[in-house]
Amino acid sequence: MFAGRALAAEPPGPEICAGCHQAHVQSFTASVHGNKAQPGSPANSGGCFVCHGDGTEHVKAGGGKGVGGVRGFNNAAIRADEKSGTCLNCHASTRLLAFWESGRHKKNEVSCNNCHSIHDQPQQRTDAPLLKKSNPSVTPYVTTNRQLQYETCTACHKQIRSQLLKTSHHPILEGKLVCTNCHNPHGALSHAMIKDESVNQLCTSCHTDKRGPFMNEHAPVEENCLTCHTPHGSVHAKLLNERAPNLCQDCHDWSRHPGTYYSGNQGWSAATPNTRLVARACLNCHTSIHGNNAPAMRGKFFLR
Amino acid sequence: MKSKLIPLLIANLFAAAGVLAADGDEDMKVSGSVTVGVQGASLGTGSESNPEKLKEYRDIEGGGISGRALSGVDIKGRGSEEYFSLYGENLGRDDQYIDLKGGRYSEFKFQIYENDIVHNWTFGARTPYTGVGSTTLRATLPNLNTDTWNSFDYGMKKQNIGGNFEVSKASPWYFRVDANEVTDSGLKWIAGSNGTSPGNGFNEKPFPIDQKTKNLTVEGGYVTKEAQLSLAFMHSNFANNNDLLRWSNAFFGNQLDTSTLASDNEYTKISVNGNLKQLPIGSTLAGRVTQSKTTNSIPILGSMPTGATPGPNDATNPDRPTFGGDVVHKTASLALHSNPVREIDSRIYWNRFEKDNRSPQVTFTPVAGSNLRCGGLPCTTEILGYKKDNLGADVGYRFDPSNRVVAGLDYVDLERDRVDFDETKDKRASLEWRNTSLDYLSSRFKYQVMQRRSHFLEGNAGANAADPLFLNRFVARFDASNVDQSLIKLSLDATPAELWDVGFEGIFKQNKYKDTVLGRTKDDRQEFYLSAGYGDIKQSRVFAFADIEFVKYDSYHRNISTLTAADAYDPYATPNNTNYNWAATNKDRSFALGVGADWVPMERWKLNASLISQKTHGTVDFAVQPGANPTTPAVNIGNYDNAKKVSLNFKGTYAYTKQIDLIGGYAFEKFRFDDFSYAGYQYTIGTGTSASHLSGLNANPNYTANIGYVAATVKF
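Protein chains in written order, with my numbering: chain A, 914 to 1217; chain B, 13 to 728.
Extracted from the complex, chain A is given alone in its bound form:
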């Protein structure tokens, strides 16, 4: 196709690449990368070769995957840091990517093209630019038409996909929260790349009513919300990782209750159902479990 065409000294640009890769060139042109008016955009710097490398030999050879040293981002033989490095040539000076080197994704050899695609047009409006959607949506009915962020993340994070579907969950499936409300996938100094310095700082950035300070504090609450809760989804109400009363009894033992077992003959069918077991169990009485400002014994035992 290209035999006989005189190639300029510069690497071939979109008008040449379109001979075989028309769809890719079209999507590139329609994107911000293809915007010639923007200083520093690849379109302003020559086009395709800015990301994919010099395609001169590739064109001379008549094309082919990886032929001529051209860099295809789906090529598994190219290291992740090389692929990311292509994007970081321009985007390293972006505020959101400042901590890329500190993040788990970089450490685990996830590259930009694992989540983003310049050439795939999003099927529907997304919350973030050009996120890849690898699979059909498998969700309960939701009232949003957006392509949701979690569908990109859970392509790899299978455990999280499973948890999001559980009975008790943050409204991520429903499109009301997104993974990046809590995490920075582009890198962070914090464990699990959460956006705040600690789990508690993160949780109370939304759950501000739990911020306190409280006159009566509950020790495990003050240290780590994850002692009792699991944020992605749980089979137990309120994202608890174990049911009350068992969760509470794992820490509290004393004469009479809570050292007593609350077992299968003390439920609603009993002559007097045990108030420490039915409905919300311990929380029927100990209501202010995250802390309170109630006085004296009523506050100390989280009864008010």
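If you are wondering where the hints come from, they were derived from the structure by calculation, not from laboratory data.
The structure displayed is predicted, hence computed values, not measured ones.
A portion of the hints provided could be inaccurate.
[To be verified] Computed list of lysine to any residue pairs in SDA-like fashion (alpha-carbon distance at most 20 Å, straight line): (1) K226(B) with N285(B); (2) K663(B) with N718(B); (3) K121(B) with T1093(A); (4) K1151(A) with K437(B); (5) K437(B) with Q460(B); (6) K501(B) with Q463(B); (7) K1123(A) with K342(B); (8) K121(B) with N1154(A); (9) K1108(A) with K1123(A); (10) K1213(A) with N325(B); (11) K727(B) with S45(B); (12) K439(B) with R465(B); (13) K367(B) with V1112(A); (14) K1108(A) with N285(B); (15) K656(B) with C1003(A).
With the hints as your guide, set chain B onto chain A.
Relative to the frame of chain A, chain B by itself:
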């Protein structure tokens, strides 16, 4: 809730367009679409008609057959210098979402948004109280005749309106402002024991939510490929218009008792973070320092009812009239990442966290004999704080192009103000191997062990086995006790043939609380996730997954009914029928199967279908210490958070013309919940002044629903 923002957004859209068009970006191309439609839903009848889980986070009409309007707008403007996009859906609904973004490339960008979240818990709850929705609930209790009770719904609406503006014209300098206001309203539940003993019953009742959180963050920084530095200041104000709930308490002669609600608070944070990149041996040095302060000021309640009529015993006698909460969090982090040679990458890091609790300690000295005392003595609040240091390193070595090994060590030293454990030290070691030797398979195997050793303060608690405090020698709270943890993770991702992909992930995790006598002794997790897909997502693709999880918690406890026995508080004492030990094993099993397909059967058609089947099954098994024969035997529980859910979803899109898409869909959902704590639910327990009154919260969430919708999208 109807948004106040829609007219504001429309005005801002025009204003933004005006600003953006000020320089006359004649290249601006505007395109988009508008969607209108209608959705109908019908619920099952009888016990299958409770909409709380159906409408937990979704604004779906239900109950008989009813409908709601569907709406959406998606408009983009792209010019050579400026851009904007406006997206809105569910306009005017409780789950409304609006997002307006725009900017001028390399100069500035902005965003304005509204995201409304509805969270419904229970419809048709009941209460004997009047004044629902206010902060004073009155009733003449006990009232065991539920026919006379009042009906209401537990639910909350969260309206989050905000925006941000970022200037990057002076790049590499930037400046950014983020602000938002979150308004919460609705009814939530609060319970609370009636009297002074666990046998005195409780009342579950609604309290009004009327809260507002206002956040403002101002950030400025300098960012280049070689270095980055930023300074941010954040202020957050939480205001609760209801900080107390007053309610009639039968145990105290139907006097008004008081429950405390979340108090107002102020939060400020300063953070500085920075990076130095392109250092020798391919290194990046990253650091962050933050300090935050949370404060509040709350009048301390000077009295609480203690008897049928007000009396001197009611005084709480705090040693100060006001609690001035003051907590400072300080953090510091430093990390050095290096790539000395192509095959080796390393990371060394240090993190420090400090909670400095400067709140005052408050002592209450109720009158002797008052049931407001703590074990007959004055009550003193605890001041909890901690300091945590975390140090770690990991090294990755790629010994050939297909194999990479990463080894890591992590150490945490946590000192805390707690009566049981004042220090814990965690040592963690991990080894991970990644292999891509086969073209069609990549695998990852990780093994990690963690050892926590704690300094236990209660080893000499109590004088002897007849002293209640003696029991504390044996109670080890799992969040701080000695533990040996092991974790194995295996991930496999394969592409066995063209257009095929298969994935597997297996996780095994075990915690052994090795020195725990009373408390959680062990927990185990086994999780398996399998997925498979075939096809090209741009054309037609099928995807399926299967998830299986097993979780088990083991614990050991002591029952003490004869408090005066000489060895009552010694778990190593010979058991008898009233003082003995017992064990519990709590198991959760969950299963999920899902399949979905996107299909382009012919030109102009796009179909999507998905089916999910989920099942969870929980049990608790009890075992009493041999030699004990308690009056009330322990009976296992076979249904703990048992649930089944089926979700079926069809959607078809037909491109009627280039400008018009016609959309239709159908969804079926069935949810069944069977839980021991709710099976056979009653609204009252017991009689007299110790009667419990419940409200029906989460009592019966079962539903079957059919949902259908049609819509048209017009593109321009």
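Hint-by-hint comparison with the structure:
The hinted pair formed by K226(B) and N285(B) fails the criterion: a straight-line CA distance of about 24 Å is larger than 20 Å. Restraint check for K663(B) and N718(B): satisfied, since their Cα atoms lie roughly 14 Å apart, inside the 20 Å limit. Of the pairs offered as hints, the one joining K121(B) and T1093(A) holds, with about 19 Å between alpha carbons and a cut-off of 20 Å not exceeded. Taking the CA atoms of K1151(A) and K437(B), the gap is near 30 Å; set against the 20 Å cutoff, the hint is violated.
A C-alpha spacing of about 16 Å is found between K437(B) and Q460(B), which places the hinted pair at or below 20 Å, so the restraint holds. A distance of roughly 18 Å separates the Cα atoms of K501(B) and Q463(B); the hinted pair therefore holds under the 20 Å criterion. Between K1123(A) and K342(B) the CA atoms are separated by roughly 19 Å; this keeps the pair inside 20 Å, and the hint holds. With a CA separation close to 41 Å, the supplied pair K121(B) and N1154(A) exceeds the 20 Å bound.
Proposed proximity of K1108(A) and K1123(A) is supported: the alpha carbons are some 18 Å apart, at most 20 Å. Restraint check: the Cα-Cα separation between K1213(A) and N325(B) comes to about 18 Å, which is no more than 20 Å; the hinted pair holds. In summary, the hint linking K727(B) to S45(B) is supported, as the alpha carbons are separated by about 4 Å, within the 20 Å threshold. As the CA atoms of K439(B) and R465(B) are separated by approximately 9 Å, the hinted pair is consistent with the 20 Å bound.
Pair hint K367(B) plus V1112(A) holds up; C-alpha atoms about 13 Å apart against a cutoff of 20 Å. Distance restraint check for K1108(A) and N285(B): the Cα-Cα separation of roughly 13 Å lies within the 20 Å cut-off, and the hinted pair is therefore satisfied. Of the pairs offered as hints, the one joining K656(B) and C1003(A) is violated, with about 49 Å between alpha carbons and a cut-off of 20 Å exceeded.
The structure does not agree with the numbered hints 1, 4, 8 and 15 stated previously, though it agrees with the rest.
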